[in-house]
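> Sequence:
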Amino acid sequence: MTNDAVAYHFGMAPLAPLLLPWFDAHHRPLPWRTSRDPYRVWVSEVMLQQTTVAAVVPYFSRFLAAFPTVHALAAADEQHVLKLWEGLGYYRRARHLHAAAKALAASHPDALPDDPAVWADLPGVGRYILGAVLSQAFGRKLPIVEANSLRVLARVFGYRGDPREGAGKAWVWQAAEEVLPDERVGDFNQALMELGALVCSPSKPRCGECPLAAVCVANRDGLQDQIPPPKKAKEVVAVREVGVVVWDGPTLLLCRRPADADRWQNLWEVPHAEAGEGESDEAAAVRVVRELTGLRVKVGEVLTVVKHGVTRFAITLSVLGATRAAGRFRAGFYAEAKWVTPAELAGFPVSSPQRKLLTRLTEPRLF
DNA sequence: AATTCGGGGCG
DNA sequence: CGCCCAGAATT
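Note that UniProt numbering has the first sequence beginning at 1, numbered continuously upward.
Heads up, some of the hints might be wrong.
Calculated cross-link-like contacts (lysine-lysine; reagent style BS3-like; alpha-carbon spacing at most 25 Å) [what the hints assert, rightly or not]:
(1) Lys169 with Lys231
(2) Lys231 with Lys204
(3) Lys169 with Lys232
(4) Lys169 with Lys204
These are computed hints drawn from the structure, not numbers from a lab.
Kindly produce the complete structure, drawing on both the sequences and the hints.
Laid out in structure tokens, this is it:
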């Protein structure tokens, strides 16, 4: 469907008169809806990013109690901020929020600005956060697109492409902008999301309770399951692990399994590194291997050794310690492998003490 | 355009 | 157990 079609459809049936009364009657009483304080709206939007409402509620209340204003947040110690974020995930959000609070407290000490250009330059503020904060706190007529509104708009207008990528992304932002009413923009934006969360759900939408059912193309044509199109499944490749990194307490082990063998062999045994600040156990293991070998390695990906521009061998790196702890093993990976000898291995770029360690520990033993 | 970043909840 | 979630930054 083209943008013209959106305009036509919108002209025939404005959404706001249908959506706002529904929102007034059915919206959930959430902590961040008690005020239009831009700071509160902002914090809630950042916390809600890729995070469910139920998970955010207790964090939001605790965070606002500790940092009631942007100035309180700006003056806070980063460790305190991160501590209150612990368990929410996506910790970069907290660092960005903190940094942005410092910037705003300095540049706009009296009140948070309603200037989109100012917000757009802040770390952690993309187009969604920008529109959400300014529409809700200041009534600025700016659109929002996130998982819920994207689904609602695509279904109502019967958009058959994928609104999450390419031209579809442009389409859905355009649609979100065109449906905005002149009054109560913030409530309207929230209503789109609330409808997506409570009624227009990804699967089995409750169209019988939907205030937009009468104007919804997907409902009319029975396309709820096709719109938006299901995410294309990631390609699955049959693979078999031929190399893994495991650890148990202070010891980290790199093991190999030749393509035609059943048993694992130890290749290196080295002290496991302490996980640094903000570093996961897996990341620390990857770092150890990287420092030992000079290889570019990532968890779960094929690890290739390139020496003199030629791939000498390839293994996959997985982390059994983590997968065991999670109660399951990862799917295996396979890679064609040409194994180097211990002598060749010793020739890889490592620092002197590490090389000595490698040489000493290269003697394979059964895992 | 594809990846990365986390943890929880739900069908 | 797989998919999804009030996205943004990086590659």
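> Of all the hints numbered above, which does this structure not satisfy? Sort the numbers upward.
none
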